[in-house]
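Engineer: Please build the complete structure, drawing on both the sequences and the hints.
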Amino acid sequence: MTAKKITGSQALILSLMEEGVDTIFGYPGGAIMPIYDALYDFDKEVKHILTRHEQGAIHGAQGYARVSGKPGIVFATSGPGATNLMTGIADAMIDSTPLVCITGQVASPLLGTDAFQESDIVGMSIPVTKWNYQITTPEEIPEVMAQAFYIATTGRPGPVLIDVTKDAQFGELEYKYEKCKKIRSYVPETSIDPHQIKAAADLINEAKKPLLFVGQGIIISHAEEEVRTFIEKTGIPAAWTLLGLSALPTDHRLNVGMLGMHGNYGPNKLTNEADLIIAVGMRFDDRVTGKVSEYAKKAKIIHIEIDPAEIDKIVKTDVSVLADAKKALKMLIDNVNPNNHENWHNEFKKCDAIENEKVIQKDLYPTKPGLTMGEAVRIASEKTNHDAVLVTDVGQHQMVAQRYFHFKNSRSNVTSGGLGTMGFCLPASMGAQLGAPNRTVIAAVGDGGFQMTIQELGTIAQNKLPVKIMLLNNNFLGMVRQWQQLFFDKRYSFTELHNPDFITIGKGFGIEGHTVDKREDLDASIQKMIDHDGPYLLEIKIEKEDNVFPMVPTGASVSDIILEP
Amino acid sequence: MKEEYILTVYSENHIGLLTRITNVFTRRKTNIDSLTVSESALQGVFKFTIVVHCTDAMAKKLVSQIEKQIDVLKAFYHTNDEMIFQEIALYKVPIEPIYESDKIEQIVRRAGARILEITKDYVVIEKTGHKEDTQALFEELNEFKVMQFIRSGRVALMRDPIERLSEFLKERDAFLTSLD
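Taken in order, these protein sequences are the chains called A and B. All letters in the first sequence, in the order written, are residues 1 to 565 by UniProt numbering. All letters in the second sequence, in the order written, are residues 1 to 180 by UniProt numbering.
Calculated from the structure, these hints are not laboratory results. Any given hint could be a false lead.
To be verified - Incomplete in silico selection of chain A near chain B, CB under 7 Å:
(1) M124
(2) P127
(3) W131
(4) I151
(5) K182
(6) S185
(7) Y186
(8) P188
(9) P308
Every residue, glycine too, gets a C-beta built ideally from N, C-alpha and C.
Structural biologist: See below:
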């Protein structure tokens, strides 16, 4: 490309075009106005979604990134605009979501003077960004933008924040853009050590009770097919983490369910019976491991992971493979022996039968009067032919939805896993809808989280995003209430909510909806929500004091998972 | 078991990197005993020498999380036995005792220290060594009421004859060139 003189703002927008950006979430303000002015000329190339709050913008970008596999782009102004991004940045960091956040900043002569709307967003975001950088001259823009995209999207993906001073936005440069292909101090992927693959394959071939853990790394590295081939060849049962959900079809015969605190009975109980754990693209979150000192004591551990800092961080491994999951699994597939592990599978089936009788049937096909979250989730999954994108908030409904929604396709599950951000769902669902415009997006949200970012109903309405909002309303901060019931002697300290008329609020934003509180109306109500042309808010009044089981109590071993209080 | 470790970190010279690195210790609630930063023998490569008291497992985790920072080239951790290390200390002592006896001069000679500056009011003494050496000199000089005292962070070199960073950078450059 030949060099031409343009403003820093124009260079920034052209850089985004070079990286194939088609959607930006943002909120304008004084310090980012030149960039917005430059964006005005690109309304055919790029869609800008004006959210109602910067937190909505960044969760929107997260939803877009998780569903599309492309980086989410966020614009915000300086000071409060930038700080309002922080929750989403932290969320994206822990959930490995690629984001490029552009924040405006006061002019460079004013830096450090407590100028109007000045905040040290670079300093503040250091602990929660994969990388950040402050641009103070227009000449830096193309190279830094290229680096930002490279860093955000390679290796273990994550959020990058680029802070651009106003004078850098106004200033001119001779623009030339080259995509970043390497950085001396950052090598996101190195070659796989074949000895480690051989060592892993030997352990797999010798194991009698092996168990595979499927993490989000499978989705990030597009290794869904390799995982399926691997388990079908070896006969190894596979369990998924919260963010690994949808990487493997729910009904695959070797899929044994979810790990962790509210995961399934079998994979939790039998983790401590397994003689080999093969963890791929997951990080042994404390919600998965429970009490680490009692965790998987009979098992050797193979950890396939692209982030070297995750290896041996929580659980000591016997063999670690520092690699992209897809490449490692391809090599492993060639080195492992066919097997079926029938007896080992039967142990999972026994656990499934117990869980089914004690928990699942009661959740999905209840006979008691109040509606359950489980039956609502089951019907929504069935009505969308198990082909929808599910976006959830945080709390009881999240665990229920993750347990009972069925998936056929990868990248169908968007949730805030590591940070557990309430308010995530509604904005993330609009991002998911933009990332997958031809798919049905169901936003399953609780009444607490819904009210944290309820203003994004305005963004959904303005952009005519046909998100199906399934509000599971129990007039409680349900998960905290459950813990208060179980561990704080039923002292329900400040968890009951006196909620507004949500349907009237939705209509005020121009979103149709209705409320259902009777079982005989639930099926038709969910059908009506899905069939509606455009966004829809279905409020489902569920039983007030329902609990999520099974549960691994805090500090307990995963094998001490309980099925009922 | 906790013991003293020396972490050496090689990095690009980017604004904010010091915060990124020290933040790794903050998150792990691990105190930094001393920290020295300067340009290394390799042009453009900066070296952090960080001393911490922690377990071997924690030292490993600190290094891996420091290496995860984008602008860090490489980080190592070592026990004291693996390193040659020094600190420098400066002592400002009133001049009068020197006029009155040769005690301070004897202490300075015995400690292998040297006098940097003499004024009509004070004398500045410099001592290079391990912390216990510089601290011992402080105790002796403080008999004469040390007016000011400062000890630097540690600087350290590996005893290993192989320059690990050079080897690492050669491999890294070859790998990056192979991407072209």
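Engineer: Now tell me if each hint is right for this structure.
Structural biologist: Tested hints:
no. : hint : verdict
1   : M124 : violated (10 Å)
2   : P127 : holds (5 Å)
3   : W131 : holds (4 Å)
4   : I151 : holds (6 Å)
5   : K182 : holds (5 Å)
6   : S185 : holds (5 Å)
7   : Y186 : holds (5 Å)
8   : P188 : violated (10 Å)
9   : P308 : holds (6 Å)
In summary, the structure is inconsistent with hints 1, 8 from the numbered list given earlier, while agreeing with the others.
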